[in-house]
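Model the full assembly from the supplied sequences, consistent with the hints where possible.
Chains as they are written, first to last, in my numbering: chain R, 1 to 174; chain D, 175 to 271.
Since the hints were derived computationally from the structure, they do not count as laboratory data.
These numbers were taken from a predicted model, which means no experiment stands behind them.
Honestly, I wouldn't trust all of these hints.
Quick list of in silico lysine-lysine cross-link-like pairs, DSBU-like style, CA-CA up to 35 Å [what the hints assert, rightly or not]:
id, chain 1, residue 1, chain 2, residue 2
1, D, K198, R, K171
2, R, K24, D, K198
3, D, K198, D, K270
4, R, K171, R, K24
5, R, K24, D, K270
6, R, K171, D, K270
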Amino acid sequence: MVDVLFFVFAAMAVGGAFGVVLQKNPVASLLFMVGTLGAIAGIFVLFEAHFLAAVQVIVYAGAIMVLFLFVIMLLNLGHDYRADIRSGIGAFLAFAVSGAFAGLLARQFRGAEENPLYQRFPGPEGMDALLAEQGIVGAIARPLYTDYVVAFELVAILLLVALVGAVALAKRRV
Amino acid sequence: MLVEALVLSAILFVIGTFGVLLRKNAIIIFLCIELQLNAVNLSFVAFSRFLGIDGQLFVFFVMTVAAAEAAVGLAIIISVFRHYEAVNVNNFNLLKW
Chain R
1 MVDVLFFVFA AMAVGGAFGV VLQKNPVASL LFMVGTLGAI AGIFVLFEAH
51 FLAAVQVIVY AGAIMVLFLF VIMLLNLGHD YRADIRSGIG AFLAFAVSGA
101 FAGLLARQFR GAEENPLYQR FPGPEGMDAL LAEQGIVGAI ARPLYTDYVV
151 AFELVAILLL VALVGAVALA KRRV
Chain D
175 MLVEALVLSA ILFVIGTFGV LLRKNAIIIF LCIELQLNAV NLSFVAFSRF
225 LGIDGQLFVF FVMTVAAAEA AVGLAIIISV FRHYEAVNVN NFNLLKW
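What follows is the structure, given as structure tokens:
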């Protein structure tokens, strides 16, 4: 059941990703991206990361994508069908670079199951015990406010800086 | 299921790279960068199923940084649009040699 769902979500994610890259209309691209994000949230659920799945749907698919949609509509790009897909040497370079990249990644996966490191890989039992004891939110919150508290505060400052920076960049010169 | 998830993550990352290189619309390029970030998040979550909760915390931080990056990037795109009336990356050449 889980495996079937995984492949369904994987197919949705890859199809949506191709939609993002190949759609001419930016709004259609964006909606494909929302589909991809939803599929990835589904895969997060399959990996027992329920909190991150909720955050993915609310923050990513909800907030960040709406920000993109606002900008597309603010700049009135929704019906701008001028070809923005590179052709000729640009397209060739895109194919070559991403093909080389895919080849390098595929090499890493060849024989992965026979790799001694993979054979010794721990099973999900440890995580199951942690989740049964603390629940997913507790399991994330505890280290977030103890071991990672410095990173947490730095990220808070980063968000403040980004907020001020975005307003300063986007406002009209007065 | 770990290897399948990592393969999916690699596929999504390559598609994102392809999109960044193929498109000229700055907003679509941004979307493809978000796609790459999500591919990385997916492999973090897949590993965290077996190696402990830390991977999910990393994903949390990646999402925060992605939100900040999207806000600043879109602000830059808006101010470039004011100047050129287009969001084509061919216009972004002020820092090119």
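So, going through the hints one by one against the coordinates:
1. K198(D) to K171(R): holds, 25 Å
2. K24(R) to K198(D): holds, 11 Å
3. K198(D) to K270(D): holds, 16 Å
4. K171(R) to K24(R): At roughly 29 Å apart (the allowed maximum being 35 Å), K24(R) and K171(R) satisfy the hint.
5. K24(R) to K270(D): holds, 27 Å
6. K171(R) to K270(D): holds, 25 Å
Of the numbered hints stated above, none is contradicted by the structure.
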